[in-house]
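Could you build all of it, start to finish, from the sequences and the hints given here?
Chains A and B supply the protein sequences, listed in that same order. Our numbering applies: residue 1 is where the first sequence begins, and numbers increase by one. Our numbering applies: residue 134 is where the second sequence begins, and numbers increase by one.
No incorrect hints appear here.
Below, simulated DSSO-like cross-link-like pairs (lysine-lysine); rule was C-alpha separation at most 30 angstroms, straight line:
| # | chain 1 | residue 1 | chain 2 | residue 2 |
| --- | --- | --- | --- | --- |
| 1 | A | K58 | B | K263 |
| 2 | A | K58 | B | K214 |
| 3 | A | K58 | B | K260 |
| 4 | A | K58 | B | K318 |
| 5 | B | K199 | B | K233 |
| 6 | B | K543 | B | K499 |
| 7 | B | K260 | B | K473 |
| 8 | B | K233 | B | K213 |
| 9 | B | K182 | B | K233 |
| 10 | A | K58 | B | K301 |
| 11 | B | K505 | B | K552 |
| 12 | B | K260 | B | K165 |
| 13 | B | K355 | B | K427 |
| 14 | B | K171 | B | K254 |
| 15 | B | K584 | B | K426 |
Partner residues are not named here, just some residues of chain A that face chain B (Cβ under 7 angstroms, in silico):
| # | residue |
| --- | --- |
| 16 | V13 |
| 17 | F16 |
| 18 | C18 |
| 19 | K20 |
| 20 | C28 |
| 21 | S29 |
| 22 | L30 |
| 23 | S42 |
| 24 | F55 |
| 25 | N57 |
| 26 | E59 |
| 27 | G60 |
| 28 | F90 |
| 29 | N91 |
| 30 | P114 |
Don't read these hints as lab results, they were simulated from the structure. Here a beta-carbon is modelled for each residue, glycine too, at the ideal position from N, C-alpha and C.
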Amino acid sequence: MSSLIKSNFNILVTGFGCCKQEIFATQCSLYDIQRFGVNFVSVPEDADILVVQGFYNKEGITRVLNIYDRMKNPKGIIAVGSCVLNENLFNLGSGLASQFRDRVVINMHIPGCPPRPEAFIYAILRFLGRSMQ
Amino acid sequence: MADNIYNKIYSSSRTLFLQEIGEKLKSILKDKIKYIRKIGLDLLIVVSKNNLYQIIKELKDNPDLKVNSFQSIAALTNGKKNFLIINLKSFDNDFSVLLKIEMSQREIEEDYREIIEILVKFYRAVKFYKHRGKIISDSCDIRILPRSIEGLDCFDLDILMDDDLIRKAYINTEIARIIGCDYYKDMRLYDLIAYISRFDWKAGIFPEVCLCEAFEELLQLKVTERAQYIRMLLCELYRISNHIYFISNICNVLQHDIAYNLSLLERERVLRIIESITGSRIIPNFIRIGGVKKDINEDIMVNIRKSLPVLFKNIRRIERIMINDFLFIERSRDTGTIGKEIALEYGVSGPNLRASGIRHDLRKVKDSFFYKELSFTIPVGKSGDCLDRISVRFSEILQSLRIINQIINKFPEGDFIKKINVSHLEFQSSEISYGIECPHGLFKIYLEVDKNNINSLLVKGPSFNSLILSEEILAGNKIEDIDLILASLDISPGEIISS
Chain A
1 MSSLIKSNFN
11 ILVTGFGCCK
21 QEIFATQCSL
31 YDIQRFGVNF
41 VSVPEDADIL
51 VVQGFYNKEG
61 ITRVLNIYDR
71 MKNPKGIIAV
81 GSCVLNENLF
91 NLGSGLASQF
101 RDRVVINMHI
111 PGCPPRPEAF
121 IYAILRFLGR
131 SMQ
Chain B
134 MADNIYNKIY
144 SSSRTLFLQE
154 IGEKLKSILK
164 DKIKYIRKIG
174 LDLLIVVSKN
184 NLYQIIKELK
194 DNPDLKVNSF
204 QSIAALTNGK
214 KNFLIINLKS
224 FDNDFSVLLK
234 IEMSQREIEE
244 DYREIIEILV
254 KFYRAVKFYK
264 HRGKIISDSC
274 DIRILPRSIE
284 GLDCFDLDIL
294 MDDDLIRKAY
304 INTEIARIIG
314 CDYYKDMRLY
324 DLIAYISRFD
334 WKAGIFPEVC
344 LCEAFEELLQ
354 LKVTERAQYI
364 RMLLCELYRI
374 SNHIYFISNI
384 CNVLQHDIAY
394 NLSLLERERV
404 LRIIESITGS
414 RIIPNFIRIG
424 GVKKDINEDI
434 MVNIRKSLPV
444 LFKNIRRIER
454 IMINDFLFIE
464 RSRDTGTIGK
474 EIALEYGVSG
484 PNLRASGIRH
494 DLRKVKDSFF
504 YKELSFTIPV
514 GKSGDCLDRI
524 SVRFSEILQS
534 LRIINQIINK
544 FPEGDFIKKI
554 NVSHLEFQSS
564 EISYGIECPH
574 GLFKIYLEVD
584 KNNINSLLVK
594 GPSFNSLILS
604 EEILAGNKIE
614 DIDLILASLD
624 ISPGEIISS
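Listed below in structure tokens is the structure:
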């Protein structure tokens, strides 16, 4: 993967939740995630990394897995926020988040409810650094 | 002081007005209803299912009542009984009615369609609640799945086309149904305050304020002046943050990169102020029953005072950049027009309603905060198109800055919280409905409490009504305008999950 990621790294954000506004806040010139070559895209075929955040029901998880299948290799998943990491806050005991984690391998977790934009940038850099080694 | 306490406990003219309306309703409806009671802002009428048609007909057609706006319908349980709550509103006479129908769970499942059929005869907006799965799957031309733009990510859109124009649009919020029916059971009150801000994560302070004020109303608790001013300050800061985020979304849709970057930068500036006060950016968890969590010190005040002129200058700059762009004006003018009547009929509130030309703001109507001591105007639009909705929000940001300036100058001394032991609080068995003017419109909660338990909780945000209305206004527009129209309605996904 390191050979492929030289100057362009495409991220696709799915789901809806509080973390989304913090992820998109990294685009502003104060954080400026694009200086690291990171772009936000909206087509699964273009994306290198799938960001999973917020609330999902059964239908939502099926759709996310569908999107992940459509992405080209090499690919990875970053899980953002408590809802995906632990449990859906509004439906404790549904176990959907754990079902989701069982089906795919999540490469990086970003804890927090919601995590700060700096945390997201740090995770992306860690991810890039790890894949470049 | 005595006046203040008196006004809080017996909020004077408003209470008397609602009582009068209640008496009138009682005499008109007589034996068709079980009982009628004033709870918070609304009148609660307990009815049986068999009389529903006659009651709604009377409410709608009687010229003294004119209950012409449908707000919401929801099924609830309080542990022992199940019931349906139908919220209707009269804009002409300015009162709102909650119709409560007690039924068993089985009856709700069986009779729900029948009740919806009755409501459809009087209110067009109820069409959304009908079962439409078959209609959509049979005849839809295009299906647009949730996109990554905030606000457009919580529903599917099925469209029937007529050449390049939209003939009919259906919205399907199945993907947003993630909420368990009794997540609030066995929850402590402090936990619930932390939870509830997720219902509107674009402006997280408003659900907290709404919940705490509802409990204060139940306890007949008078909050100190300083605490009220801190609440007002935070509300206005979050309002600005939400509106700037709205503008950034519009810029994102229109691919206006300069304004997009500038607006995100200004939002950061506001969020940093909020963070210095609350310690958190999005989910504040700051409001407590009886006051707020922390006091504001002089350093923060100085910081806000320094930031205000910068914010004012930069917002005006963004506004100038956008207004001077003819492409932006051409695309947003006469697109997605909402007329006055249809906005009222569908129960739209907040800036979307004001953009249609109706001057209605709960900050001016209600007397819970100290907004009456501050001078500000309510901006209104003319035609109700996308351009009006955007410019109304720009004006609201400037008005909010004006309010903040006055708040800082008038900031009173005193305690920031009245300390009460929440774990030992016991309420009488009662119900309350409370509303607050959030940046999207009227944010409402309905709750039933008994001793120290919350038996039922219903959260109703204004975005759902805007979403239902968007089905109507999308028809006749071009397919490339869909994103712009939906983004201009400022839909908060947190409010969709609660419905």
